[in-house]
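Chains A and B, in that order, give the protein sequences. Under my numbering, read the first sequence as residues 5 to 236, first letter to last. Under my numbering, read the second sequence as residues 24 to 323, first letter to last.
Please note that a few of the clues may not be correct.
Stated by the list, open to error - Reference excerpt, derived from the structure (chain B facing chain A, CB under 8 Å, subset only):
(1) L113
(2) G117
(3) T121
(4) G124
(5) R157
(6) F204
(7) T273
(8) D275
(9) T312
(10) Y315
Worth flagging that the hints you see were computed from the coordinates, not collected in a lab. Cβ atoms here follow ideal geometry from the backbone N, Cα and C, with glycine treated the same way.
Here is what each chain is made of, one letter per residue.
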Amino acid sequence: MPSTEPSGNNEARPTPSVPEPTSASVPRFSRAERMIHRTTAILMTVCILTAAVLYNGSIAVPVGHRHLIELIHVYCGFALPVPMLLGIGSFAYRADLRRLGRFTPADRRWLRSRTRRDGTITVGKFNAGQKLNASLVSGSILVLLGTGVLMYFVLLAPLSWRSGATFVHDWFALALGLLVVGHVIFALKDPEARRGMRTGSVSRSWARTEHEGWLHDLENAATESAAEVPEK
Amino acid sequence: MAAGIYYPCNRVNTWPADDALARPDRGRYPGGPAWVVGSCQESCDEQAGLDECPGLAELNGRDRSGVGKPGDAPPNPEGAPVGRRLILGLLGLGALGTLTGQRVQNALAPVVGAVADHDPTGLLSLIPLGDTFRYYSVTGSVRQETADNYRLNVSGLVDHPATYSIADLKSLPQTSLIQDFQCVTGWHVPAVHWAGVRLSVLLEKAAPAKQARAVLFTSFDGTYTESLTLAEARHPDVIVALEMLGAPVTHDHGGPVRMYAGSMYGYKSTKWLSGIELAETETPGYWETRGYAIDGTIRE
Chain A
5 MPSTEPSGNN EARPTPSVPE PTSASVPRFS RAERMIHRTT AILMTVCILT AAVLYNGSIA
65 VPVGHRHLIE LIHVYCGFAL PVPMLLGIGS FAYRADLRRL GRFTPADRRW LRSRTRRDGT
125 ITVGKFNAGQ KLNASLVSGS ILVLLGTGVL MYFVLLAPLS WRSGATFVHD WFALALGLLV
185 VGHVIFALKD PEARRGMRTG SVSRSWARTE HEGWLHDLEN AATESAAEVP EK
Chain B
24 MAAGIYYPCN RVNTWPADDA LARPDRGRYP GGPAWVVGSC QESCDEQAGL DECPGLAELN
84 GRDRSGVGKP GDAPPNPEGA PVGRRLILGL LGLGALGTLT GQRVQNALAP VVGAVADHDP
144 TGLLSLIPLG DTFRYYSVTG SVRQETADNY RLNVSGLVDH PATYSIADLK SLPQTSLIQD
204 FQCVTGWHVP AVHWAGVRLS VLLEKAAPAK QARAVLFTSF DGTYTESLTL AEARHPDVIV
264 ALEMLGAPVT HDHGGPVRMY AGSMYGYKST KWLSGIELAE TETPGYWETR GYAIDGTIRE
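Please model the entire structure based on the sequences and the hints provided.
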């Protein structure tokens, strides 16, 4: 989940699997993308829960077992980027990474707009908020990984770096926690977005409301692939 | 903002960034204009000369119009790589923070800490200000020991084994010091007030045998162990602490009696101290069998 809300892909590539423009739902995320999201979400949740124990004294005291909690936290942290790295092997995932990383002028206007959701600014597969979230979450995960390594392997760096790493780790963890909370709140407010990540498909009407530019491209691709067949 | 001239075209670039998927040259708005040259002289955003300018939006009735240079593919149909910049920026911030975080925190903590002390909501305590203790316990729960039933055993290679109650310890010469608590992972609490009996005093009374070279510590949590060389144990800043932070050591901090080995990492300061045993050699303690150095001296 370098993710935002839904991160993932669709079958925008003109293939026979693209549904006819009339069908009720459109594919949004591939199986690989959904697996990446699911495993990342699980690892992230375990990291957050164990972090709460390690950091917060009023939880740490009753729970105890410091070493065990620490091991779980550290290894889930090491594993956190792995699903995303494996995702590089997925065409759909790479395509969505590219979408998430690129900001157009429309994205900037979307971010500045107070009426960003009224449909005036056409949104592609991901809106600018999702793109922003994806980048901030990915960057934060990498920073937490790096500082975590310095803190865990205490012989790697001098004490002042370890102190700095602890400082950075604490603040980035807080920031990432807020990003995750925001992500979950947005997801809770939008059942169709959740369905997209759970099943891989979303309704055409939802796509039209929330990601019109993306739907348009999907439809174009479908039309063209259909039109191409006779020529071959 | 590069001033540029943009041209709407029918080669709509399948916003946003459909790159590999969508074959930009195929995307086409119904009824979209053919290449129209020079209809928009507005300057559009950014070097990449992306997807739109206001005039185009009107032209297409929507604002995702495609633009491009004549005779060329659209300059960059995907938009600027802001995501990559954000990630690199965060990595830079993380690296900078790692190198300077200690100083930043030292400057920040007194200011924010003063505010946090008067924060009625208590929310500020959730913010990682640093300079606070994190509570380490390596077992599930640790039984409570009161001043009445607490006992500290001194044994091993000594001429005079002994058992001390809290009252016994209090009757010995007391010492106090103000010194940092430094965790090996990086967090630390500056200027903590410690008070108790110097370990050297107890060792003196126990009269170590000639072959004794190390002091082993046990905890009534039933699991934790530590050790110091006899020479380290005799340092004046190694104390059997009865007070910490200006009050009797609380249970969560390892009370009623814990070790404080100043100038050593925190894992050398055994909490819930129950036994002191003289031995010929050091035995790797709890964290030392899990990777930390048996010499816990803070260096550099």
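Verification of the supplied hints:
Interface restraint check for L113(B): the shortest CB-CB distance to chain A comes to about 3 Å, inside 8 Å, so the restraint holds. Given hint, G117(B) at the interface with chain A, holds; its Cβ is 3 Å from that chain's nearest Cβ, closer than 8 Å. Below 8 Å, beta-carbon pairs count as interface contacts, and T121(B) has one with chain A at about 4 Å; its hint therefore holds. The interface hint given for G124(B) is met, as the beta carbon of that residue sits about 3 Å from the closest beta carbon of chain A, less than 8 Å.
Proximity of R157(B) to chain A holds as hinted, the smallest CB-CB distance being about 7 Å (cut-off 8 Å). For F204(B), the shortest C-beta to C-beta distance to chain A is roughly 13 Å, which exceeds 8 Å, and the interface hint is violated. Taking 8 Å as the C-beta contact cut-off toward chain A, the hint placing T273(B) at the interface is violated, the least distance being around 10 Å. For D275(B), the interface hint holds, since its Cβ comes within 8 Å of a Cβ in chain A; the closest pair sits about 5 Å apart.
At its closest, the beta carbon of T312(B) sits 10 Å from a beta carbon of chain A; the interface hint therefore is violated under the 8 Å criterion. The criterion of a C-beta within 8 Å of any C-beta in chain A is met by Y315(B), whose closest approach is roughly 7 Å, and the hint holds.
The structure fails hints 6, 7 and 9 (numbered hints given earlier, in ascending order).
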